[in-house]
Amino acid sequence: MYKSYHKKIVATTLFASVVFLGTACNASNDNNKNVKADTKIEKPSEFNGVPVVWPGETIEEIKPFVGPAKASVSETVKKKYDFNGKLIVDGGVYYPIVNGKTGAYAVNEAAHTTPFNKGKIATTNEQKVWDIDVMPDGTGLPEGSGSVEFGDEVYEEKCLSCHGDFGAGSGLYPRLTVGNAYEMHETLKLQRVAPDSDGPQRAFGSYWPYASTLWWYIKTGMPHQAPMSLTTEEVYGLAAYILHVNEMEIDGVEVDEEYVLDREKFLKIKMPNEDGFEPKINGPKGQDNAREYFNNPVNYGNGVRCMKDCFEGEPKVQKIAFALSNFNPPLSSERTMPEKKEDESSHPGKDAYSASCAVCHATDAMGAPAVGDKSAWEATLKKGLDTVISNTLNGVNGMPPRGGSSLSDDELKQVVDYMISESK
Amino acid sequence: MYFNYNLAHDFRHFQKINQGGTMNKISNVSKEELELVSEVTEQTSRREFFKKTAAYSVSALAAASVIAPVNASASEHIKANPEDDINIMEEKPWSLKFGDDVTVNLYGQPSPYEHNVTRRTTEILSSGNMRASIAVTPIQDLNGIIVPNGLFFNRHHGGTPTIDPNQHRLMIHGLVEKPIVLTMDQLKRYPNVSRIHFLECPANGGPEWRGPQFNSIQFAKGFMSCAEWTGVYIKDILKDLGLKPEAQWMLAEGIDNSHMGRTIPVDKVLDDAMIVWGQNGEALRPEQGYPLRIVVPGWEANLCVKWLNRLEFASEPFYAKEETSKYTALKQTGKAIQHFYANEVNSVVTSPCPEKPWTDLKKGDMVEIEGLAWSGMGTITHVDISFDGGKNWVEAPLKGLILEKAWTRFSLMHEYTGKPMLLSSRAADDAGHVQPTVREERVAVGIEGVYHRNGIHTWAIDAKGEVTNVQILS
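Protein chains in written order, with my numbering: chain U, 55 to 478; chain H, 857 to 1330.
Hints may be right or wrong, so weigh each one.
What the hints assert, rightly or not - Quick list of in silico lysine-lysine cross-link-like pairs, DSS-like style, CA-CA up to 30 Å:
#: 1; chain 1: U; residue 1: Lys-324; chain 2: H; residue 2: Lys-1255
#: 2; chain 1: U; residue 1: Lys-182; chain 2: U; residue 2: Lys-319
#: 3; chain 1: U; residue 1: Lys-339; chain 2: H; residue 2: Lys-1095
#: 4; chain 1: H; residue 1: Lys-1255; chain 2: U; residue 2: Lys-362
#: 5; chain 1: H; residue 1: Lys-1219; chain 2: U; residue 2: Lys-370
#: 6; chain 1: U; residue 1: Lys-404; chain 2: U; residue 2: Lys-428
#: 7; chain 1: U; residue 1: Lys-437; chain 2: U; residue 2: Lys-478
If you're looking for bench data, these hints aren't it; they were derived computationally from the structure. It should be emphasised that the depicted structure is a prediction, and the values quoted were computed from it without experimental measurement.
Construct all of the structure, not just a fragment, from the sequences and the given hints.
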């Protein structure tokens, strides 16, 4: 029964209007961020004398460009074969040490050839405790099992408050499903070229290449406030529940409400987007494939160093349509003294002390009882507070009347109170 | 300017005047006299001094007015002498009383007047809460190529932990002959290396694939910083451990709440990947991974795992969450780039920018256009600047240090015309890569990639000198 409800929620989330044009960092691949931009600006048709293209209109402009990769590749791109006789894995440059220098840096080459052998051998127990990763081939995946039903219980208790009903996400917290994994996988080619067009739907079921990542992440990263707290049975149960809300199958069997997941079944999970990534990094040729891929900028874009008349006509300008400006703290370039917070209110005698009395009383160098010197002030106060005040007003030993200041009686009393309070 | 010397001087002066003497320079007063005098006159205010002087003699008053700092009558004085700067004519409180002791702020702090120069956050860049979010660097307020540690951008996935360095261990295991555990002290016995490198979140500029959204350089480009890192090359430790030939990949993992891991190819580990404990001469800040992080020069900052406790070598990649679910760039083909290592060549004009406009300039003023260029693949070789949205370009000189995989400054002198313009910068590196136009980048990868956006950045400057963030689609 709850399955249809779940579908409804997912659908609502899916087709909600997306104001936010893109996202950042970890937050980024979720398209369901219904965060409204906080200001909306006017849309003039031209700006600085050139036509302005607005997102709604931009779309037609983008469309012809979004197609098979055909980036211009500068002929100046060099292939560097000088690191162990191979291309540099990231498509970049390797800087060898030449005549004791690498680039601008001088190098003590002996420091890099001397053996050090620091540390101790890592024991088997130590390695076992810290080796928490789970790999696609099952390395690190423990024996155990958990049912969808049990996973549902754990989910409601520990996950739902952030990830929403049936994994549909809530607020800025990630979605765990966008619906049927196999159907939603088909959306990955979509580009949001129009304001109302559907984008690619990325979540565990539709996008992730391996389920091992899910098990590893639940075990070591969730719940967010209490990682590493779930039992093996709970993690299997949650993994089963998440497979269920992604409407997935294992070995031809639907992960339904009665499904019980165990290690053997888990290793048979085939994610619909397993082949959706490039370069291919598995197997003994993994690094070679990465080398080849990143040394060909057609794969990710590159420019041309054109200097004159680089395009025809006037530049097409796309302006900010929805300005995001909810910044903390708000932007400011002012150089001002920050306002004092209320709890920072200082003693009324402090400023007068600093201006008039600290020169002698900050240390005992002048023979005066130093502020902060508990025993010196205890000795002074043995004379009684009235005497101390009287000495302050009239002078005592090396100190002139009022310490040479023009402070009033009341101000001096506050100074004395401040000095005593700082010396307890 | 004897006005500013010391109140002791006033006192001496006051005495001399009353004795019918002439003005004394402070050098005429012995040190002993000064100390004695300052003891009793610290509080003497100028106003009081003049009051007394006036009471004593008309001639003294006349003499005093010659040297009188304006103070109370400063505004009157400025009215009569508008060419005088009130900030020179008026005495300032900070020159008339003690400053702070050397005991104050034993770990120094910026001037309180600089309190607006901070990292900033915005809710939309979080993954649900502020313990999985990013605070970005105010690059509009920085000069040179070193970011102060307190302003270094900070992205974490489970909050900033406070780790006891005495209890911290680094384990290196997997496909090595000798798996080991190192304490911080043992690690620091390896010969250290210091290198200046930028770290950039691969989502820097990522919210703007479909168009500009932030009218702020801090949010449009501030997911990055640059620092001098001190630590040890991983290859220097590995040479003692015996890396097995089938080892192709290394997992780097942190011991904070998120236990975040990333896979790094052994090629890079054996080139320039470092384990660092120092940043700009001091220990890493907690939010930068104290006591230990990995720095993978030029590559996605997310690979530079903080609070590092484990390196494991394997023959197959690990497929951690942050290299599958996130930090993969989906192309218009429906395929996504995984293991997208280097941050490609990039640049931005930092002055002017939305936060530092040209609203104070007049036509004919000379002004420096300044900016930052960087490439994770190598060293910056050229930066070009366009005033017409990228139709025509001129080369801008580089300035300062030019280092591989580090921020590099460029600079161009410009005579301000007061006319609107579209100001763009385009960098190139020694790997032969050139920053693409927005259009070229969209052609190559579409608009849903999220990560690794390095299309040419443009500021529109209007007739008033205001600066706004735009994109050129030509």
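Structure-based check of each hint:
1. In summary, the hint linking Lys-324(U) to Lys-1255(H) is not supported, as the alpha carbons are separated by about 53 Å, beyond the 30 Å threshold.
2. Pair hint Lys-182(U) plus Lys-319(U) holds up; C-alpha atoms about 24 Å apart against a cutoff of 30 Å.
3. Straight-line distance between C-alpha atoms of Lys-339(U) and Lys-1095(H) comes to about 24 Å, which keeps the hinted pair within the 30 Å bound.
4. Of the pairs offered as hints, the one joining Lys-1255(H) and Lys-362(U) holds, with about 24 Å between alpha carbons and a cut-off of 30 Å not exceeded.
5. The suggested pairing of Lys-1219(H) with Lys-370(U) holds, with an alpha-carbon distance near 26 Å, which does not exceed 30 Å.
6. Distance restraint check for Lys-404(U) and Lys-428(U): the Cα-Cα separation of roughly 18 Å lies within the 30 Å cut-off, and the hinted pair is therefore satisfied.
7. At roughly 16 Å between alpha-carbon atoms, Lys-437(U) and Lys-478(U) fall within 30 Å of each other, so this suggested pair holds.
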